[in-house]
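Colleague: Sequence:
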Amino acid sequence: GAARRFQTEIQVGMIGINVPIPVPVAYYSFGGWKDSLFGANKAYGPAGFDFFTQEKAITSRWLDPSHGGINLGFPQN
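Positions in the sequence shown are counted from 1; adding 1105 to them yields the numbering used here.
There's no promise every hint is true.
Pair ranges (Cβ atoms, derived) [claimed, not checked]:
no.	residue 1	residue 2	range
1	Asp-1169	Gln-1116	58 to 68 Å
2	Val-1117	Gly-1153	12 to 22 Å
3	Ser-1171	Gly-1118	51 to 61 Å
4	Gly-1121	Ala-1152	15 to 25 Å
5	Gln-1112	Asp-1169	54 to 64 Å
6	Phe-1156	Thr-1113	19 to 29 Å
7	Gln-1116	Phe-1157	19 to 29 Å
8	Met-1119	His-1172	53 to 63 Å
9	Ile-1120	His-1172	50 to 60 Å
10	Ser-1171	Gly-1121	56 to 66 Å
The hints are simulated quantities; they were obtained by calculation from the structure and are not laboratory data. Ideal Cβ placement from N, Cα and C applies to all residues, glycine included.
Starting from the given sequences, assemble the full structure and let the hints guide the process.
Modeller: Given below as structure tokens:
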């Protein structure tokens, strides 16, 4: 209907439709679009997390020191 068409056609960064108070949950980025944007970046939600984070993948294996020696073989358990 009209509300669905409105939500796709309106050019805003945050809007509430059929909710009592249009307040975003903290994990969504908010801060506006165009001239209503505040701050240097959208430092909230996933956009802020991505801006301030460098991802790192770590594969590690910690053996008991009493195990003795170094086993570089594929783990069996």
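Colleague: Each hint needs a verdict: does it hold in this structure or not?
Modeller: Verification of the hints:
1. Between Asp-1169 and Gln-1116 the beta carbons are some 60 Å apart, a value that agrees with the proposed interval 58 to 68 Å.
2. Checked against the given bound of 12 to 22 Å, the beta carbons of Val-1117 and Gly-1153, roughly 19 Å apart, stay inside it.
3. Separated by about 57 Å at the C-beta atoms, Ser-1171 and Gly-1118 satisfy the suggested range of 51 to 61 Å.
4. Separation of Gly-1121 from Ala-1152 is about 20 Å and conforms to the stated range, judged on CB atoms against 15 to 25 Å.
5. Hint check: Gln-1112 to Asp-1169, Cβ distance near 57 Å, so the stated range 54 to 64 Å holds.
6. At roughly 27 Å, the beta carbons of Phe-1156 and Thr-1113 sit within the given window of 19 to 29 Å.
7. Judged by the Cβ atoms, the range 19 to 29 Å given for Gln-1116 and Phe-1157 holds: they are separated by roughly 27 Å.
8. Between Met-1119 and His-1172 the beta carbon distance is about 55 Å. The supplied range of 53 to 63 Å therefore holds.
9. The supplied range of 50 to 60 Å is met by Ile-1120 and His-1172, whose beta-carbon atoms lie about 59 Å from each other.
10. Taken as a hint, the range 56 to 66 Å holds for the pair Ser-1171 and Gly-1121, whose Cβ atoms sit roughly 60 Å apart.
Going through the hint list in order, the structure satisfies each hint without exception.
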